[in-house]
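**Q** Here's the letter readout for the chains.
Protein chains: 2
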Amino acid sequence: MKTSPTGEIRSKLRVITSEHCNHKSACEKCSVRHIAMCNVLDEEEINLLDDISTDFNRDTKQILCAEGDPADYLFNLQEGTVRLSKMLPDGRRQITGFLFPGDFFGLACKDVYTYTAEAITPVKTCRFKRGKITEKFRELPKLGERVFDMTTTELQSAHDQMLLLGRKSASEKLCSFLLYMAEKTKLLGTYPVNQAYLPMSRADVADFLGLTVETVSRQFTKLAQAGLIRLEGAHHVILTDPEALHDIAEGE
Amino acid sequence: MKTSPTGEIRSKLRVITSEHCNHKSACEKCSVRHIAMCNVLDEEEINLLDDISTDFNRDTKQILCAEGDPADYLFNLQEGTVRLSKMLPDGRRQITGFLFPGDFFGLACKDVYTYTAEAITPVKTCRFKRGKITEKFRELPKLGERVFDMTTTELQSAHDQMLLLGRKSASEKLCSFLLYMAEKTKLLGTYPVNQAYLPMSRADVADFLGLTVETVSRQFTKLAQAGLIRLEGAHHVILTDPEALHDIAEGE
DNA sequence: CGCTTATTTGAGAGAAGTCAAGTACGGTGG
DNA sequence: CCACCGTACTTGACTTCTCTCAAATAAGCG
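As given, the protein sequences belong to chains B and Z, one line each in that order. In this text, residue positions in the first sequence follow UniProt numbering: the first is 1, and each later residue adds one. In this text, residue positions in the second sequence follow UniProt numbering: the first is 1, and each later residue adds one.
Each hint should be verified, as a subset may be incorrect.
Not everything, but these chain Z residues come out facing chain B in the computed CB check (under 7 Å) [claimed, not checked]:
| hint | residue |
| --- | --- |
| 1 | L88 |
| 2 | P89 |
| 3 | T114 |
| 4 | T151 |
| 5 | Y191 |
| 6 | G210 |
In silico DSS-like pairs for lysine-lysine, Cα to Cα no more than 30 Å straight-line [to be verified]:
| hint | chain 1 | residue 1 | chain 2 | residue 2 |
| --- | --- | --- | --- | --- |
| 7 | B | K136 | Z | K136 |
| 8 | B | K129 | Z | K222 |
| 9 | Z | K136 | B | K110 |
| 10 | Z | K142 | Z | K61 |
| 11 | B | K136 | Z | K142 |
| 12 | Z | K132 | Z | K110 |
| 13 | Z | K110 | B | K142 |
| 14 | Z | K184 | B | K142 |
| 15 | Z | K129 | B | K136 |
| 16 | B | K110 | B | K132 |
| 17 | Z | K142 | B | K142 |
| 18 | B | K136 | Z | K61 |
| 19 | B | K129 | B | K110 |
| 20 | B | K129 | Z | K136 |
| 21 | B | K132 | Z | K136 |
| 22 | B | K184 | B | K61 |
| 23 | B | K136 | B | K124 |
| 24 | B | K136 | B | K222 |
| 25 | B | K110 | Z | K184 |
| 26 | B | K136 | Z | K110 |
| 27 | B | K142 | Z | K129 |
| 28 | B | K142 | B | K110 |
| 29 | B | K132 | Z | K142 |
| 30 | B | K142 | Z | K132 |
| 31 | B | K110 | B | K136 |
| 32 | Z | K136 | B | K184 |
| 33 | Z | K184 | Z | K124 |
| 34 | B | K110 | Z | K132 |
| 35 | B | K142 | B | K184 |
| 36 | B | K132 | Z | K110 |
| 37 | Z | K110 | Z | K129 |
| 38 | Z | K142 | B | K110 |
| 39 | Z | K129 | Z | K142 |
| 40 | B | K110 | Z | K110 |
Keep in mind the hints are simulated off the structure, nothing from the lab. The C-beta atom is built at its ideal place from N, Cα and C for all residues, glycine as well.
Take the sequences, apply the hints, and build the full model.
**A** Here's what the structure looks like:
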C-alpha cells in the first residue's frame, strides 16, 4: 500500500462508515478525494485487501454486472453513481437502488446476480473475487461485521422503499426522493445544504419510484410551482422548503 | 440441552437452512415438530445458544416488537406466522414481510426497531439479547455466517418485492403472492402440493401487495372464475393451474 | 344462536398511465 | 462559434386501473 506525500492512506478500497460520515457537516476524512477506509481497519489490513482487489472503471451507461450472470465479484464503488435494477420479461423495470461512493454491491446473490448494475456517471470501482473476499471476512472479522452492518442497513432502506412503493402517492414519492438525494448530495461535499444533485434521468427516477416519466415530470413542475423547490436544470434541485417537503413525504 | 426418547435434539432454537429445506418434497428433518438447528451447528454449539435464549410465545394479534421500541432482542420464530409492517403517520400500512418457522427478525435495526412484528397465528419464538447474540457470532462464526446469509437472502427477496410493488398490476401481484405462499405452504408439509394456506387476512394481503382489500378480493374472484384457483374458504387456495399463474405473475 | 368481524360485490370517482406533440438540452461537426 | 441533430424533458388530452364509499353476504366466536 502506498502513502501519499500528505500521509494520506491510498487504497483502492473505499468504505464510509456511518458513524463517521452521516453527520451534518461535510466530512473532511471521507471527501471524494480521500479514497481510503475510515475507522474499521488499520493500514495493514487494508493492504491485505488491496492485494486481492482490482480496479474496475467504466463509463456512463456501461453495465458493471448483469442480472443472470455468474456472480463472481463483489464491488466497492469509489467514485460515481450506479443504478441497480430488475426487469420483467416485457421490459418493465424497477430500480432497486442507487449507489454512491463507499457502497458495496454484488453481495446479495447466490450463484448469479439478481440485478443489473449500470453506471449512470463514469465510475471507479474495485472488485474482489467473491471467494477471496469471504475468506478475508474470516481473517478480518471487523470487515465482515462492517459489511454485515451495511447489509442490514440496506435491508432497512429496502423496507422504507417498500413503504414508499406500496403506499405513497406520486407527490409523496417525489418529495421522499428529493430529501433522500439531498442527503446523498450533502455527502459529496460539493454543494450547499438543501440542494440535490440528480445524476440520473427522469426515466430512472420514475423506475425507482414506481411511476412513469410523465408523472415524475408533472410532480417536479407542481413542486416548483408551489415554491417548495427550484429547478436549476433537470439535474440540480434547490430545496427551498425542506420542512414542507418532509411533511409531504411522510404524508402529514 | 435435552435429548428426547427418540434421540431427537430438543432445542429452543430453530434454523432451517436453505440447502436443506428448499427442495421439492416435504423435509423430514425440518418438519414443524423438529425444533432444532439443521446442518450449521453441532449439539454443543446449540447448547451455548440455548443458554442465552428465552422462550417468548404470544397469541394471535399480539405484538412481538413495535416500531420505535428499543431494539433489545433478536427473535427466532419456531412456530406460527408473523407479519412485519411499517406505518405512515396517517395509518397507511405496508407489510414488508411475512415470517415463517425458522426465520429470524429484529436484526436489521440499530437502536430501535424499524418495524412492528405481530403474531397472525399463535406463535412460539425464542429471543436473545442482541448484545449476547452478537458476541456469539464471534465465538461461532458459522452461526454468524448463516445469519448473514439469511440477511442477504432477505435483501434479495426485498428487491423482488420492490419490483412487484413498483411495476406489477393487481392480478400479477396476487398471482405472485399465491405462488409465494404455495412455496411456504409446501415447507409446512401438511398440505398437498399446489395448495396455499393463507393464515393472514385479506387486509394483510392488501397491505403486503400495495393494494386495497376490495381489489384483492376482486382479483381472487377473477382468478377463481378463470379456473386458475379454487377457494376452499378464504384461507385455503388450491392452485389448479400453477403454470398459468406463473405466467401472469411474471407478466408474460 | 346472535353478534361482531371479515369478505365479497357494486357503483362511481380519481390518481396515475397512455399516447401524442412540443420544447429544451447537449453533443458533434461544419 | 453556431447550426443541426438526437435525446431528454415537459405539457396536454384522454383513458384506465385501482381506490373510495356503500351495502350485502359469509364466517368466526362467545
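**Q** When the hints from earlier in the document are held up against this structure, which numbers fail?
**A** Structure breaks hints 5, 8, 10, 14, 18, 24 and 32.
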